[in-house]
Amino acid sequence: MSSSTQGSNEPEPTDGLRAFGAVLKSFRKRAGYTQEALAHEIGYSVHFLASIEQGRRFPPPRFVDQCEVTLDAFGTLRLAAHQLSRQRGLASWFRRWAQLEQEAVALSTYECRLIPGLLQTEAYARTLFSNQLPPLGDEQIEAQLTARVERQLLLTERPNTAYSFILEEHLFLRGMGGHEVTMELIDHVLGLAERRNIEVQIMPLVQKSHAGLDGPVQLLETPENKWFGYSEGQRSGQLISDPKETSVLQMRYARMRAQALTFEDSVSLLERMRGA
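Each step along the sequence shown adds one to the number in the numbering used here, with nothing skipped, and position 4 is 6.
I should point out that these hints are in silico values taken from the structure, not numbers from a laboratory. For each residue, glycine too, the CB sits at the ideal point set by N, CA and C. The reader is advised that the hints may include incorrect statements.
Computed beta-carbon distance windows for the label pairs [stated by the list, open to error]:
{"no.": "1", "residue 1": "Gln134", "residue 2": "Glu43", "range": "38 to 48 Å"}
{"no.": "2", "residue 1": "Glu186", "residue 2": "Glu266", "range": "21 to 31 Å"}
{"no.": "3", "residue 1": "Arg115", "residue 2": "Asp189", "range": "20 to 30 Å"}
{"no.": "4", "residue 1": "Thr36", "residue 2": "Leu215", "range": "50 to 60 Å"}
{"no.": "5", "residue 1": "Thr36", "residue 2": "Asp244", "range": "41 to 51 Å"}
{"no.": "6", "residue 1": "Ala108", "residue 2": "Val208", "range": "40 to 50 Å"}
Let the sequences and hints guide you as you build the complete structure.
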């Protein structure tokens, strides 16, 4: 399937992102900044800045604003950013949430269907993409893998962001991709759980009360302390900004954190699974 016939959930070209990256690089050099100096000045990692200059990552609004002011870009960067509507490897309905994620000070995720993208290994993600229907071509799979790996950098590039994950126990028992893929996945999640800013809790198979029966949910808090929610279905996703709705989701997530195993017990359970 060619890129011109892909549905809205397939990878799209990165010409716009490359163009924005080139404009940013030009203004950076004009202002006499190295990547290291500019990254330090605006409070982002060098890798994050380099990814945007290379057209591999969507520039979040706050990043654009800071670069615009620091580089005295005459409004050019804001204008170029407004022209961007495509983000390679990400579903069209997910892109706005992905932009918000890059600036979040807190991100909470409950999943009952599959391991969240931020926690997936390449082998696990490749299994998911290979089983997608309609089938994806090799180039599409590689594009989606690249986008997923780039997105996962959030966990290491934003050490001051608090990440919370509540995962159903059966997600590790399903054996998606086979035994080796599952063991690698458990090792990966255990490794991430060692980071100070990442908390993983397991919702046990047997649970008499469960506040998340309406399905998966994600919540995030922006630097301005505004909350957004996100809920995804089979072929669509919904960004939730209404404070009344996000309040309901926060209430449910808080209850699930109390219902799930503690962080310590969750780690112990995963270690037992790994040793089985």
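I'd like to know which numbered hints this structure contradicts. Please list them from smallest to largest.
6
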